[in-house]
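Enquirer: Based on these hints, arrange chain B on the given structure of chain A.
There are 2 protein chains.
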Amino acid sequence: MSGPTAYFDPAKASALDPQTRDLVERRARSLGSAYRLFYDEPVQFVRGSGTKLYTADGTEYLDAYNNVPSVGHAHPRVAAAIAEQAARLTTHTRYLDRALVDYAEDLLGEFPSSLSNVMFTCTGSEANDLALRIAKAATGAPGVIVTANAYHGVTTEIAAISPSLGGRASLADWVRVVPAPGDGDFAADVRGAIQSLATAGIQPAALIVDTIFASDGVRVDVPGFADAVASVRGAGGLFIADEVQPGFGRLGTGMWGFARHGLQPDIVTMGKPMGNGHPIAAMVARPELVDTFGRHVRYFNTFGGSSVSIAAAQATLDVLRDEQLIENARNVGDYLLEQLPAIDGIVEAHGVGLFIGARVASEDVALRTVNDLKRRHILLGESGLNNDVLKIRPPLVFDRADADRLLEGLAAVLA
Amino acid sequence: MSGPTAYFDPAKASALDPQTRDLVERRARSLGSAYRLFYDEPVQFVRGSGTKLYTADGTEYLDAYNNVPSVGHAHPRVAAAIAEQAARLTTHTRYLDRALVDYAEDLLGEFPSSLSNVMFTCTGSEANDLALRIAKAATGAPGVIVTANAYHGVTTEIAAISPSLGGRASLADWVRVVPAPGDGDFAADVRGAIQSLATAGIQPAALIVDTIFASDGVRVDVPGFADAVASVRGAGGLFIADEVQPGFGRLGTGMWGFARHGLQPDIVTMGKPMGNGHPIAAMVARPELVDTFGRHVRYFNTFGGSSVSIAAAQATLDVLRDEQLIENARNVGDYLLEQLPAIDGIVEAHGVGLFIGARVASEDVALRTVNDLKRRHILLGESGLNNDVLKIRPPLVFDRADADRLLEGLAAVLA
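Chains as they are written, first to last, in my numbering: chain A, 20 to 434; chain B, 20 to 434.
There's no promise every hint is true.
As the list claims (entries may be wrong) - Not everything, but these chain B residues come out facing chain A in the computed CB check (under 7 Å):
{"#": "1", "residue": "47"}
{"#": "2", "residue": "50"}
{"#": "3", "residue": "56"}
{"#": "4", "residue": "57"}
{"#": "5", "residue": "130"}
{"#": "6", "residue": "131"}
{"#": "7", "residue": "134"}
{"#": "8", "residue": "136"}
{"#": "9", "residue": "241"}
{"#": "10", "residue": "298"}
{"#": "11", "residue": "309"}
{"#": "12", "residue": "317"}
What the hints assert, rightly or not - Calculated cross-link-like contacts (lysine-lysine; reagent style DSBU-like; alpha-carbon spacing at most 35 Å):
{"#": "13", "chain 1": "B", "residue 1": "31", "chain 2": "A", "residue 2": "155"}
{"#": "14", "chain 1": "B", "residue 1": "155", "chain 2": "A", "residue 2": "31"}
{"#": "15", "chain 1": "B", "residue 1": "155", "chain 2": "A", "residue 2": "155"}
Quick caveat, the hints were computed from the structure, so don't treat them as lab data.
Each residue gets a CB set at the ideal place from its N, CA and C atoms; glycine is no exception.
So that you can see chain A by itself, here it is in the shape it has in the complex (with noise of 0.2 Å):
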């Protein structure tokens, strides 16, 4: 089991205060062993503004972690369009429905006009799922290629294409893992995947990355990228390009990671921030690929666009635009990227926008930097294969003020 480790452990929760343990307990006794709370001391937040997260006592806590509430936590304007649309109606797909459509179009015009279609769903692994699915029967084809730590989600088929859950023991047969780029030649690597799939009599139907490569410690540039997209093609494969993590502008280069890098996927997913909170999240494809699945199977998600989820995400983008989020992603990201290196105790720093993972010495001085800057209420995760890089990953709203505050808050811990 890989992944962040700044996890509480169960075996101390007698050094918490009362009131923490007994809710500690009673969540351990109700959810079972596969939950986990964040921080030597977990810590519960009562309210949410903008990047900031408060307890009940008012303490105030600064947001450097969460990508999910990407305009900022409990945005106005997005609360205000679930509380109109949630006390009017929520319905689903198979009724007529403008917004639905109004708000398809408006996300499909943010795409190359060769991905038209758009299917709602509530999660990026039901977005990673359908996606295979579709691949697998436009293709005809069962393999799948997927980098290192590649993590995409948590169904059965998505679990077995992640190493990053359960390691490469842990995936299915027609499934090859290639390094990530910069480890190795990303190109020959998907060759090398292509031919070892084609031994075993197993053609590919898709090659699927993050196109930030989140979970193999994000790198930014992927020489090679477009020959091996090319190889999967010509094998008869797609390109998905799973945008869960970069997507909606997180790395300020514009909406999506994918057009960084000048691709044009076959098929694109997406979730987490795009109902700021909200479950929904989105495939968007070629046509001609979900004409092929939709002649031999039904699909219907019941929650998928439902309308209080569409006003969620048609608020959130429009919030996404009026704000210049993209731009500010850019403008604050540069500046930490420039920063951080100054800082003693950071080896380097690397990523694009607010995606960006500063390493430490250690997977100790990760640990104990995470809980020390919690305890200077500033939020931070770690991650990266030895577990040595500070993830930096905040709502989109966190301006050049919060930047400094981090930055002052990670000089002070790592002094």
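Expert: Below, chain B without anything else, positioned relative to chain A:
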């Protein structure tokens, strides 16, 4: 491809009024060919309240079909809970949240004490997918037994155990299908499926059934159910009760369908009405099963159990109790079952609570009835293996006056 067929036929778009046609065509271009609309003439609702839906010109429709808005369309308490929480905070389960723990305990209080862990997802498909992952991890076995026309969801894994979606040819090779109860000897059929798996060298992980057998035409009595479950357990497998359709009181006999049969499942899944339309679903299980799973893999569902989802679910559960909707489902359901057979053209009526099927002479009659009723502003669906059954499955606030309006409408269009 089976399932309800009272769908709009895109080839008939030219018969629609220009505004509707334009919206239908825009929708088809952006959502693609996998989406369906209800009715000969698709309808757009802009507002709902209780059992009523309204179009933009104020026309009122009686909803005798939708099972998701279980405590009534746009229930003010649920809408207020969503609005309050969305304006304050939406966050995930890795921070402490007293409301999450309170709801988890409240929900688990509705189950036998052996079922003491709950995990939250966003959709019933995700809940069933997680249930199978846990069942397979806990038993170390891959085999799954389902009923003839079962529907459990749309992820890759769950579509592969759902014959109603793509027929038997679409199922995985570790799936065995048994006739629905009443079409054979259920206990003997399940023993036969275990034997068939054994012949292929496959142990059973689980028997999974919708406890009202909705897609198998609604089966109220299940002779041999306990024996079937005992056989599966004898072979090392688990019993999973899919309560996505019958759960949360629809059957009028208590909260869950499995309880009607005196059974204790190992895992229970639920969804649709859980948040009255908000995307929340869950899986409840024996903690030993979750422990086995949790030792092997990490599980995190970004939106599952998030603050607004829990607020919606708690409000829905509170209303279900405070308005005594389970009792209402029993009373109004009994009344419908008593009155329906007196209508000329209804061959027979069966069901329990507010889950009722009324058989008519043929699929043609069923489709005509559904579309004629819609023109009289009453919403109903049709289903059944021969598509000759009118599906009566209204919000649980459906009252005696609603029932009389439905009965009068049925009598008029069937005359």
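Enquirer: Give me the numbers of the hints this structure contradicts, sorted from smallest to largest.
Expert: 1, 5, 6, 7 and 9
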